[in-house]
Amino acid sequence: MADLIRSIAGHYNYWMFVILMMTGLFIVVSRGNLIKKIAGLNIFQTSVFLFYISMGKVTGGTAPVNTGRAGEVYSNPLPHVLILTAIVVGIATTAVGLALAVRIKESYGSIEEDVIEDMHRTERPA
Amino acid sequence: MIAGATAGFIAKHLPVLVVLVPLMAAPACLITGNRHATWAIATLASWTSFALTVALFIRVAGQGPLSYSLGGWAAPFGIEYRADALNAFILPLIAGIASFALPYARGSIGRDVEPRQQNLFYSALLLCLAGLLGVTITGDVFNIFVFLEISSLASYVLVAAGGGRDRRAFKAAFDYLIMGTIGASFFVIGIGFLYMATGTLNIADLAHRLATAPADRTVRMAYGFILVGIGLKLAMMPLHQWLPNAYSYAPPAVTAFLAATATKVSLYVLIRFLYTVFGLDDPFEAQTLKLLVMPLGIIGIFAASTVAIFQNDIRRMFAWSSIAQAGYMLTGIALMTPQGLAASLVNIVNHGLTKGALFMAVGMLTLATGTSRLSDLRGIGRTMPWTMAAILAGGLGLIGVPLTAGFISKWALVSAALDAGQWWLAGAVLLSSLLALGYVWRIVETACFGKADETRVIEPVPLAMVIPAWGLLAVSLYAGVQPALIMEGANAAARSLLPHLTGVGG
Amino acid sequence: MEHHLVLRVVSKLIIPPILLFGLYVQFHGDHGAGGGFQAGVIIAVAFILYGLVFGIPRLLRVLPWRFIRASMAAGVLLYAGTGAASMLMGADYLDYAPFGATPVEGQHLGILLVELGVGITVASVMLAIFIAFAARLPSQIKDEEW
Amino acid sequence: MDMLFQSLSPAFIYLAAALVLPLSPNGRVRALVLLAVPVAAFASFAAMPYGEYGQIRFLGLALTLFRLDALSWLFGLAFSIAAFLALLYALHLRDSVQQAATLIYAGAATGAVFAGDLVTLFIFWEATALSSVLLIWAKGGEASYKAGMRYLVVQVGSGVLLFAGLAMLWRETGSLAFEAMTLESLATWTILAAFAIKAAFPLLGGWLADAYPRSTVTGAVTLAAFTTKLAIYALARGFPGCDILIPVGVAMALLPLPYALGADDLRKSLAYLLNSQLGFMVVGIGIGTPLAINGAVGHAFAHIIYDGLMFMALGAVLAGAGTIKESELGGLCKTMPWTAGFILIGALSFAALPLTSGFVTKSLTFSAATPLVQDLLYAASAGVFMAAVMKTGRVFFTGTPVISAEAPLAMRFAMGLSALLSLGIGLVPGLLYRLLPFDTPYQPYSLHPVLMQLLASGAGCLIWLALAKLGWLPHELPGMPWLCRKAGTTGAAIADAAKRPWARFARWRKRLLDTGLSRTFRMAGPDGPLARTLPVGSMALWVVVLLGVTLLLTYL
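Residue numbers (the working numbering), protein chains in the order written: chain Y, 18 to 143; chain G, 5 to 510; chain D, 365 to 510; chain F, 2 to 557.
Possibly wrong hints are sitting among the right ones.
What the hints assert, rightly or not - DEER-style ranges, computed between Cβ atoms: (1) G:Pro218 <-> Y:Asn93: 17 to 27 angstroms; (2) D:Tyr388 <-> Y:Tyr91: 17 to 27 angstroms; (3) F:Ala178 <-> G:Val58: 35 to 45 angstroms; (4) G:Ala215 <-> Y:Ile36: 27 to 37 angstroms; (5) F:Glu173 <-> G:Arg63: 39 to 49 angstroms; (6) F:Glu185 <-> G:Tyr482: 35 to 45 angstroms; (7) G:Ala41 <-> D:Arg425: 20 to 30 angstroms; (8) F:Leu356 <-> G:Tyr482: 54 to 64 angstroms; (9) G:Ile471 <-> F:Leu204: 49 to 59 angstroms; (10) F:Arg523 <-> Y:Leu115: 37 to 47 angstroms; (11) Y:Gly126 <-> D:Leu369: 36 to 46 angstroms; (12) G:Thr10 <-> F:Val40: 52 to 62 angstroms.
In short, the hints are calculated from the structure, not lab data. Note that CB positions come from ideal geometry on N, CA and C, so glycine has one too.
Build out the structure end to end from the sequences listed, making use of the hints.
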């Protein structure tokens with residue numbers, strides 16, 4: 018039991034990752050508002066960032082900047098570098114998603130998915 | 005002298021130039037405001053990169069795999085571009101389709117994008133091309149993710165470009181974006197797990213370490229996430245729902261380009277991960293292919309073909325047919341034999357060519373009549389016999405009638421299934437051809453035997469659309485008559501991948 | 365926005381240091397914490413602040429739309445061009461060694477150029493995103509909406 | 002160059018001609034070009050030494066595009082003649098689609114005959130199906146469209162069976178060569194089934210009488226020449242001496258006859274007659290001795306000509322009088338004397354009267370058969386006489402003349418040529434015998450066959466006259482199988498009782514099909530759960546579900 022608790026507590030970063038991921042996905046699944054969906058997507062992506070960053074963290078390590086002092090412990094910089102790219106990708110995705118949401122709002126007058134689907138249903142010729 | 009030096013330069017940097025040419029042409033298009041100039045740049049870039057991919061294919065076929073390290077950092081540490089029999093086989097398809105899609109876009113894009121913004125459209129198309137080429141050629145798994153996202157973001161924009169004509173394109177692009185991002189995020193989580201397990205991102209290095217280390221839960225998690233993430237991008241059956249809308253509301257040139265390349269590249273990534281990275285030496289991985297991917301592929305073939313039969317919109321019908329075709333490719337991959345893999349690879353290329361030509365022809369039809377609904381196209385075969393002939397020729401390819409490219413793919417898949425002792429699969433593939441016959445027949449029936457609407461106005465189709473569509477169709481027909489080159493390429497690729505496979509299958 | 369004197373004055377005071385800090389982060393990146401990504405965002409923030417306080421039209425007078433779009437492309441071209449230049453000088457793509465007398469010196473220069481390209485792109489893209497959304501507002505934000 | 006030219010099957014001459022056809026001006030020049038095609042095709046292989054040409058590798062399979070031996074040579078000649086006559090007959094047409102379809106159809110049939118392996122056979126087999134259906138559709142109208150659809154389904158189905166069979170055979174033996182087979186495995190049974198459908202075996206041949214009468218005037222002539230005879234060739238090549246074919250062939254010769262007698266539509270009647278003639282050939286193939294094979298093949302050759310002649314003549318009637326219903330026609334020898342003369346020769350050939358081509362070829366088979374089979378076949382001959390000579394003869398030579406125009410010159414020319422050929426073969430049988438695949442001497446004009454044939458014909462004539470006297474002649478109740486109608490009230494009651502379970506089955510099948518279709522539509526139709534555009538949320542949910550399933554598999 019103690020082992021279990023220790024293993025759960027010891028991997029708290031992964032638990033956070035899982036919780037954030039599920040939260041994000043839940044929002045995408047359950048909310049009909051397109052902006053909220055994008056927000057959910059962002060939370061989901063953030064969980065991925067967290068996953069990578071915590072993966073590269075070395076306990077007691079500092080940022081991998083060469084200060085000239087000997088014997089310093091660095092965190093693994095590679096996941097951080099990767100996640101920088103992933104953040105940029107995330108921003109780009111959010112921007113495109115928001116732009117699409119704006120265009121949807123302009124052409125449909127709504128960003129609620131069910132309203133839009135209703136419009137589709139009525140305007141589609143049989 | 006100069007020519008020699010140039011040739012040497014190109015030969016030395018071939019793998020990176022393939023991606024770099026469209027990647028640099030994209031911002032150049034952005035700066036050049038003039039739409040004719042941007043079109044010229046884009047076309048030139050795509051044809052150049054097509055020539056480069058062909059050169060790369062010839063070189064790899066002759067001299068074996070080619071490795072290129074970016075920034076001078078050697079392979080496991082720096083990013084490596086690596087061309088081997090597999091991706092050198094896929095690359096010409098991507099660049100080639102783009103080379104046909106760009107002239108086609110010049111004729112058709114005026115309907116969807118206003119002249120002032122066409123340079124943005126072309127640069128998005130080039131970015132998408134560069135992304136797809138990058139995914140295919142890179143030897144670094146994280147780099148795959150980055151290029152995948154470059155191409156995906158560009159393709160969301162390209163799909164949304166159809167919104168000028170039909171606002172549903174916006175919603176389709178939005179759905180595509182949400183789903184694509186979830187897929188890509190799953191993929192990147194999978195890569196994270198792989199990195200956790202091995203500490204490397206280089207494909208060859210990963211393959212090596214995973215082959216020597218026993219597979220643990222982390223690797224299996226990685227496998228699951230990557231399978232689902234890529235499955236989403238390639239429209240594996242229950243994850244396909246983004247595709248029909250995206251393909252039916254995007255501008256015709258975009259649909260033709262994406263249908264022929266985007267899902268194909270995702271399939272390539274799947275093959276790369278399954279056979280090179282994971283190598284299927286963990287029984288779990290083989291088990292998943294057998295218990296999950298194979299059934300999903302077959303369900304996809306039948307369900308999507310059945311849905312296609314009942315569609316009223318031609319583009320939507322062919323979009324569903326694309327999902328069914330993805331099913332064929334998945335079953336080939338899941339056979340886990342060299343023949344099955346080769347069958348999938350042949351199908352990737354042949355279906356890419358056929359579907360590209362088909363969507364181009366349908367685009368011509370849509371442009372001329374202003375509709376893609378079958379019920380509005382009765383008797384169109386009499387007013388537009390040539391376009392209908394092109395659609396019919398492509399449709400025969402989807403059914404798999406002999407002398408078409410589709411026949412070669414089906415033949416390869418059926419004989420692979422027979423070789424693997426999967427009689428029922430061969431039967432299922434043949435049976436499913438009847439479904440394809442069903443939806444192609446509906447088009448022929450409506451177009452050729454329906455009562456024509458006398459008041460219909462037919463607008464002239466620009467030559468810029470006609471020539472690429474027929475060109476691509478001719479290529480696909482040629483691939484049906486002379487399948488040797490594609491078959492050999494696919495066989496070489498399959499052989500190069502399967503030494504990894506030990507003790508599985510049968 | 366005309367009446368928010370405090371905001372206007374503070375903005376005017378704070379924008380030059382932001383830009384300066386952005387430049388510091390930009391050019392410090394090759395041997396410390398910093399680099400084009402961060403600097404690009406910081407520089408963009410300066411302009412976004414200007415746009416927020418003084419309105420998009422005035423921002424577009426400072427930075428014409430055409431200029432922003434061109435610099436998006438130019439940044440990418442600078443990045444990719446640097447790599448291509450190293451190819452032309454006989455090394456692999458993105459291998460900056462041949463730029464200087466020694467490989468280390470060359471890499472300094474190369475990274476500087478690449479980071480500059482990244483910075484320009486990031487800054488202009490952030491600005492473009494901001495303007496693309498903000499310019500869609502029907503009118504200026506009014507006092508009573510704050 | 003010479004090698005390349007030689008290695009191409011004559012089929013490609015037809016196909017190339019079909020390709021350039023739309024480019025040539027639509028007039029007399031095209032007509033001449035069209036007529037030159039079969040001649041050129043025949044000339045291309047007529048003098049070539051026997052052997053296998055055009056061996057290519059395709060998908061790792063060794064294919065033989067062009068195998069020339071005695072059997073394929075003869076069928077090649079027969080198809081060239083048929084194509085020539087059909088094109089000549091259709092010379093007045095200005096319909097590119099029909100002309101091209103005819104060329105492709107003839108080319109595909111020729112290609113199938115020269116195919117040295119099963120894959121090539123399959124490809125051309127399907128090509129005949131696809132091209133010939135155009136000839137049915139060319140007539141236009143709902144009925145011919147639907148008939149064409151049914152025809153296509155059957156023909157393509159036959160091709161699918163052939164493909165399945167050849168795939169299995171390849172698995173078993175590793176060979177794709179198209180040689181004589183024995184019925185010892187599922188593979189060969191499947192291939193036989195494919196041939197059987199195309200040869201219109203009993204119960205499998207419904208498509209024939211369904212489709213041919215619904216095609217165009219000229220289309221029927223073309224259709225009658227190729228499809229079934231291709232199947233006969235395939236049977237002669239693949240299953241010679243296969244015992245089961247003898248009873249099947251006898252049944253095939255007998256069963257369609259009542260229908261032929263009962264049909265009011267003369268072309269339909271002719272289609273049934275054709276089916277019956279195929280039975281004679283199938284018997285010959287089943288017997289399998291050199292003499293019998295010679296008989297079957299020779300009969301197929303002769304049949305192509307006189308059957309074509311009959312379809313041409315009836316087509317001319319249809320074109321001239323506007324109807325082909327027995328009940329609406331009469332006295333045609335007054336208005337269409339040429340046609341009447343030609344059709345008489347065709348009908349006599351059908352009935353295999355001495356001095357006609359039908360006699361000299363059929364008697365080959367007869368003399369190879371056992372006495373029982375012989376008697377049954379003579380009985381069938383009597384029926385053929387009734388349906389061919391008496392039934393058509395009555396329309397031409399009795400009754401009040403209906404208004405009708407004589408056939409155009411080109412049509413008459415084609416009919417005359419066929420009639421001449423039929424008589425020529427009948428008078429100088431050695432001409433045809435020399436071409437037959439086996440070298441067995443035979444003299445048709447000996448006492449027994451001549452006598453038997455005349456007896457059978459006489460019996461047929463008498464029965465017909467008796468029926469006419471009794472007023473049981475079929476055209477009082479047009480359009481239904483004659484036997485059922487003549488069964489009388491009690492017979493009708495029995496038939497009704499027998500029909501009931503069948504009707505129930507048919508209803509049940511229809512309901513099953515209907516509900517199945519509507520269920521499928523409800524699932525997969527545009528608004529069905531499979532095809533509906535789901536909200537993004539549900540799509541994302543599927544991703545999670547699939548991930549869950551995959552990860553669950555890790556615990557297995």
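Evaluation of the provided hints:
no. : hint                                      : in the structure
1   : G:Pro218 <-> Y:Asn93: 17 to 27 angstroms  : holds, 23 angstroms
2   : D:Tyr388 <-> Y:Tyr91: 17 to 27 angstroms  : holds, 23 angstroms
3   : F:Ala178 <-> G:Val58: 35 to 45 angstroms  : holds, 39 angstroms
4   : G:Ala215 <-> Y:Ile36: 27 to 37 angstroms  : holds, 34 angstroms
5   : F:Glu173 <-> G:Arg63: 39 to 49 angstroms  : holds, 43 angstroms
6   : F:Glu185 <-> G:Tyr482: 35 to 45 angstroms : holds, 41 angstroms
7   : G:Ala41 <-> D:Arg425: 20 to 30 angstroms  : holds, 28 angstroms
8   : F:Leu356 <-> G:Tyr482: 54 to 64 angstroms : holds, 55 angstroms
9   : G:Ile471 <-> F:Leu204: 49 to 59 angstroms : holds, 52 angstroms
10  : F:Arg523 <-> Y:Leu115: 37 to 47 angstroms : holds, 38 angstroms
11  : Y:Gly126 <-> D:Leu369: 36 to 46 angstroms : holds, 38 angstroms
12  : G:Thr10 <-> F:Val40: 52 to 62 angstroms   : holds, 58 angstroms
Checked against the numbered hints above, the structure breaks none of them.
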